Amino acid sequence: MKFGNALKTGAALAIALSVTTAPLAFAAQQKGDLQIFSWWTGVASSKALRGIIHVFNEQYPGIKVTNDAVAGGAGSNAKAILASRMEAGNPPGTFQVHAGGGSLLSWVQAGDMQPLNSLYQSQGWYKAFPKSLLNLLTINGKIYAVPVDMQRGNVTWYNPSVFKKYHLAVPASFQQFFADAAVLKRHGITPLALANHGNWEATLLFSDVLLGTVGPVKYDQLLTGKAPWSIPGVQAAANTFVRMMAYTNTDYSALHWQQADQLVAQGKAAMNVMGDWAQGYFTTALHLKPGAGFGWAATPGTRGVFGAVADVFGLPSKLTDKTPTLDFLKVLGSKKAQDVFNPLKGTFSPRLDSNAKLYDAYSREAMQSYKRDKLVLVIGQGAVNPGFTNSFNNAMEIFVTNHNVKQFVSALESAAQSNPLS
Amino acid sequence: MKGWTHASQGARMSVRRRFSWDQFSAVATLIPSLILLGVFVYGFIVWTGYVSLTNWNSFIPTFSFAGLQNYINVFGTFRFQSDLRNIVVFTALFIIGCLIVGMGLALLIDQRVRAEGLFRSIFIFPMAISFVVTGVIWSWILNPGTGVNLVLKAFGWKTLPSWFLSTTIVPNITLGQIQVGIPLALLAVLIAAVWQMSGFAMAVYLAGLRGISDDIKEAARIDGAGALRMFWSIILPQLRSTTTTIVIILSAASLKVFGLIYAMTGPGQEFVTDMPSLNMFQTTFQGDQFAQGAAIAIVLLLLLAVFIIPYLISTLRQDSSS
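Chains V and U supply the protein sequences, listed in that same order. All residue numbers for the first sequence refer to the working numbering, where the first residue is 223 and numbers rise by one. All residue numbers for the second sequence refer to the working numbering, where the first residue is 9 and numbers rise by one.
These are computed hints drawn from the structure, not numbers from a lab. Since we're looking at a predicted model, the values are computed, not measured. Please note: incorrect hints may appear among the correct ones.
When the alpha-carbon atoms are kept at most 25 Å apart in a straight line, the in silico SDA-like pairs for lysine to any residue are as follows [unchecked claim]:
1) V:540 - U:63
2) U:264 - V:292
3) U:166 - V:411
4) V:407 - U:152
5) V:490 - U:63
6) U:166 - V:558
7) V:490 - U:148
8) U:161 - V:306
9) V:579 - V:292
10) V:490 - U:158
11) U:264 - V:410
12) U:264 - V:419
13) V:511 - V:266
14) V:552 - V:343
15) U:264 - U:52
16) V:490 - U:174
17) U:166 - V:468
18) V:407 - U:174
19) V:557 - V:346
20) U:161 - V:410
21) U:166 - V:266
22) V:490 - U:167
23) V:253 - V:558
24) V:628 - U:183
25) V:628 - U:89
26) V:628 - U:84
27) V:490 - U:155
28) V:628 - U:158
29) V:540 - U:162
30) V:490 - U:170
31) V:490 - U:154
32) U:161 - V:471
33) V:557 - V:336
34) V:490 - V:385
35) V:490 - U:165
One-sided and incomplete, this derived list gives chain V residues near chain U with beta-carbon spacing under 8 Å [said to hold, decoys possible]:
36) 263
37) 298
38) 352
39) 548
40) 608
Glycine included, every Cβ here is placed at the ideal spot set by N, Cα and C.
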């Protein structure tokens, strides 16, 4: 009996060993592991991510890729998990972050990122991407991340038939905006649809109003801490914003951005200011034709400026084996991978040599603007100090209702003081 | 005689041995959960308290001592002052609402109605739904442009309520930076919250009602007590400990409310529906101001303690007296 038991145990052990050694033997042939951390869990974005992993594995079959995507509102959950992993000295192979002085700058300042200048040199990327984009990824002469996609944050989406019906031109300046708005309001159409359930939407609108008021140079200085928020332009922008609020729907804090764009699509509202992720909503969810069912233009006063929202990936410095990450970044920045990724995700490739034929009418036009125009960052899209953004959103939550310009501007000033922007 | 002593000694010894074995196994089974609780609950409470006294307000972990500066900063903001007003108003009205509705439902069901089980299930079902789902559904129902306002409009109401979009605060007394009173927007959130949790109060009350001995009720009836008199003088006093239990559990649920607000209204315009938990989440994980987030967490913990500690003391006292 005892002998029998021992035999059984031995057999079980042997089976267990054979089961566990099989993957071990397999792993031995591999060159390494790579965890890719992102908040790309939506239908389009996860498909795009799988596309890029596929391209990578074709070139580097030996590296086992783990897709560590975390779901949840614009990456807020992912950022929390990332922070705890970095803190514990257990960074993922590479992770998604926005270009600019937001989390990327914070990680660099914390000493958690490694510069990629030599990678850029070897891959010829200094010429593949426009200088104005590389500036957003460079801190003290060192470049810290590889851009994979590009989105625009300063777009007015409009309903062409509404503008046609009342013989109006899509406003290029604030003066035109208010002239149009008065006409539209008289005819019972909401001039500007606004959604503010998440409170970042009004921040985006204000960001574009500020850009249109002070111009790209001053705007850039404000966002990088080179100009104080007490300059008169900020106050002027806040005043314009208050005037615009008189032409919006009143239930904005109950609406999500898609609902605001739906108002535009239905002709109940004429315009909405939103990033160009709205384009995917118009074409995919509402089945509208670009140009016919919906139109687009730069927000008032921002023609010739491109509000850039780009996802970028970097190299964590606490990583023990950096080779798989560097291999992945090589693929990520390549034309081939970006031409697979971006059409699937509904964004466009930030490379200067990307294939325009892969994209629809809207994206092609946005690409032209991107290559030609000055790039600036967009407040609230991971572009500046997260502490500043949070304080900014808090100030906006009050300002959007009470319209107290003085209080709002002084809140921004103190937010910039307690959360340095450079 | 001798045999008896012997047997009793043997019995006593075996009792003692079994007792020590029981004790050992009890401690052994408790140890894993004690360790887990110690590390993941109490350990992290201490850690959060420590972080709240540091300067760690970015990705760079700086543990230099900040004193109470984070608390001063947090208490100085319009947002946190609004949070404190909201949490007090919300908790008070939420508990009162659930107690009244729950008691009403329990009394109705206790009338030995037909299909009692069916009604009990219907009333308690909302509890099975997550707060997020409740929040989304009620935000549709109470959306001023759609939902219930369309019905009111059809009935000829002139001034339609703006529900959770209202920024009105009644009675509106200025204190510090904020207006003190009941934010009307919170009432809309309260409708959803009471709808969800009053079934729980009902279930507990129903158990309490069934536990009241018929002798007392019979005695009262013989003394000539009417239904109302019976309720005030017999049933309510008998349900006192039941009420305490409900109040404690609901206050804990109320103070940490997050999902409902997050899904239904967010912080709201001028923070009329903001809660400390929401503020804590955004400060910590969107603003990366870890020390300030920790300070909010500690204030929230202290608020909870105000409810929990008296309850613990009273239950401990009851245990030792019985």
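Now for the hints, and whether the structure bears them out:
For the proposed pair residue 540 of chain V and residue 63 of chain U, the alpha carbon gap of about 23 Å is at most 25 Å, so the pair holds. This hinted pair checks out: residue 264 of chain U and residue 292 of chain V have alpha carbons roughly 24 Å apart, not beyond 25 Å. The straight-line distance between the Cα atoms of residue 166 of chain U and residue 411 of chain V is roughly 22 Å, inside the 25 Å bound, and the hint therefore holds. Between the alpha carbons of residue 407 of chain V and residue 152 of chain U the distance comes to roughly 20 Å, so the proposed pair stays at or under 25 Å and holds.
Taking the CA atoms of residue 490 of chain V and residue 63 of chain U, the gap is about 50 Å. The hint is violated against a cut of 25 Å. Between residue 166 of chain U and residue 558 of chain V, the direct Cα distance comes to roughly 62 Å. Violation of the 25 Å bound is thereby established for this hinted pair. Under the criterion of a C-alpha separation no larger than 25 Å, the hint pairing residue 490 of chain V with residue 148 of chain U is consistent with the structure, at around 19 Å. Proposed proximity of residue 161 of chain U and residue 306 of chain V is contradicted: the alpha carbons are some 51 Å apart, above 25 Å.
For a cut-off of 25 Å, the pair hint linking residue 579 of chain V to residue 292 of chain V is broken: about 32 Å separates their Cα positions. Distance hint between residue 490 of chain V and residue 158 of chain U is fulfilled; the C-alpha atoms sit about 18 Å from each other, no more than 25 Å. Using a Cα cut-off of 25 Å, the hinted pair residue 264 of chain U and residue 410 of chain V is violated, with the two alpha carbons roughly 43 Å apart. Of the pairs offered as hints, the one joining residue 264 of chain U and residue 419 of chain V holds, with about 21 Å between alpha carbons and a cut-off of 25 Å not exceeded.
With a C-alpha separation of about 19 Å, the suggested pair residue 511 of chain V and residue 266 of chain V falls inside the 25 Å cut-off, and the hint holds. Restraint check: the Cα-Cα separation between residue 552 of chain V and residue 343 of chain V comes to about 11 Å, which is no more than 25 Å; the hinted pair holds. Annotation: proposed proximity of residue 264 of chain U to residue 52 of chain U holds, straight-line Cα distance about 17 Å (limit 25 Å). For the hint linking residue 490 of chain V to residue 174 of chain U, the alpha-carbon distance of about 23 Å falls within 25 Å, and the restraint holds.
For the suggested pair residue 166 of chain U and residue 468 of chain V, the alpha carbons sit about 22 Å apart, so the restraint of at most 25 Å is met. Using a Cα cut-off of 25 Å, the hinted pair residue 407 of chain V and residue 174 of chain U holds, with the two alpha carbons roughly 23 Å apart. Between residue 557 of chain V and residue 346 of chain V the alpha-carbon distance is near 12 Å, which keeps this suggested pair within the 25 Å criterion. This hinted pair checks out: residue 161 of chain U and residue 410 of chain V have alpha carbons roughly 19 Å apart, not beyond 25 Å.
Pair hint residue 166 of chain U plus residue 266 of chain V does not hold up; C-alpha atoms about 45 Å apart against a cutoff of 25 Å. At most 25 Å may separate the alpha-carbon atoms for a hinted pair to count; residue 490 of chain V and residue 167 of chain U meet this at roughly 22 Å. Among the hinted pairs, residue 253 of chain V with residue 558 of chain V is consistent with the structure: their alpha-carbon atoms are about 23 Å apart, no more than 25 Å. Only pairs whose Cα atoms come within 25 Å are accepted, and residue 628 of chain V paired with residue 183 of chain U is accepted, the gap being roughly 20 Å.
Restraint check for residue 628 of chain V and residue 89 of chain U: satisfied, since their Cα atoms lie roughly 20 Å apart, inside the 25 Å limit. With a CA separation close to 18 Å, the supplied pair residue 628 of chain V and residue 84 of chain U stays within the 25 Å bound. Taking the CA atoms of residue 490 of chain V and residue 155 of chain U, the gap is about 18 Å. The hint holds against a cut of 25 Å. Restraint check for residue 628 of chain V and residue 158 of chain U: the C-alpha separation of about 38 Å exceeds 25 Å, so the hint is violated.
Restraint check for residue 540 of chain V and residue 162 of chain U: the C-alpha separation of about 64 Å exceeds 25 Å, so the hint is violated. For the hint pairing residue 490 of chain V with residue 170 of chain U, the CA-to-CA distance comes to about 20 Å; that is within 25 Å, so the pair holds. A hinted pair counts as satisfied when its Cα atoms are at most 25 Å apart, and residue 490 of chain V with residue 154 of chain U qualifies at roughly 15 Å. A C-alpha spacing of about 19 Å is found between residue 161 of chain U and residue 471 of chain V, which places the hinted pair at or below 25 Å, so the restraint holds.
Proposed proximity of residue 557 of chain V and residue 336 of chain V is supported: the alpha carbons are some 23 Å apart, at most 25 Å. A distance of roughly 12 Å separates the Cα atoms of residue 490 of chain V and residue 385 of chain V; the hinted pair therefore holds under the 25 Å criterion. Straight-line distance between C-alpha atoms of residue 490 of chain V and residue 165 of chain U comes to about 24 Å, which keeps the hinted pair within the 25 Å bound. The interface hint given for residue 263 of chain V is broken, as the beta carbon of that residue sits about 17 Å from the closest beta carbon of chain U, more than 8 Å.
A hinted interface residue such as residue 298 of chain V counts as satisfied when its beta carbon comes closer than 8 Å to some beta carbon of chain U; here the least separation is about 6 Å, so the hint holds. Using the Cβ-Cβ criterion of 8 Å, the hint placing residue 352 of chain V at the interface with chain U is not satisfied: the shortest such distance is roughly 28 Å. Contact between residue 548 of chain V and chain U, as hinted, is not supported at the beta carbon level, the nearest pair being about 23 Å apart and thus beyond 8 Å. Because the smallest distance between the Cβ of residue 608 of chain V and any Cβ of chain U comes to about 4 Å, under 8 Å, the interface hint for this residue holds.
Checked against the numbered hints given earlier, this structure breaks hints 5, 6, 8, 9, 11, 21, 28, 29, 36, 38 and 39; the rest are met.
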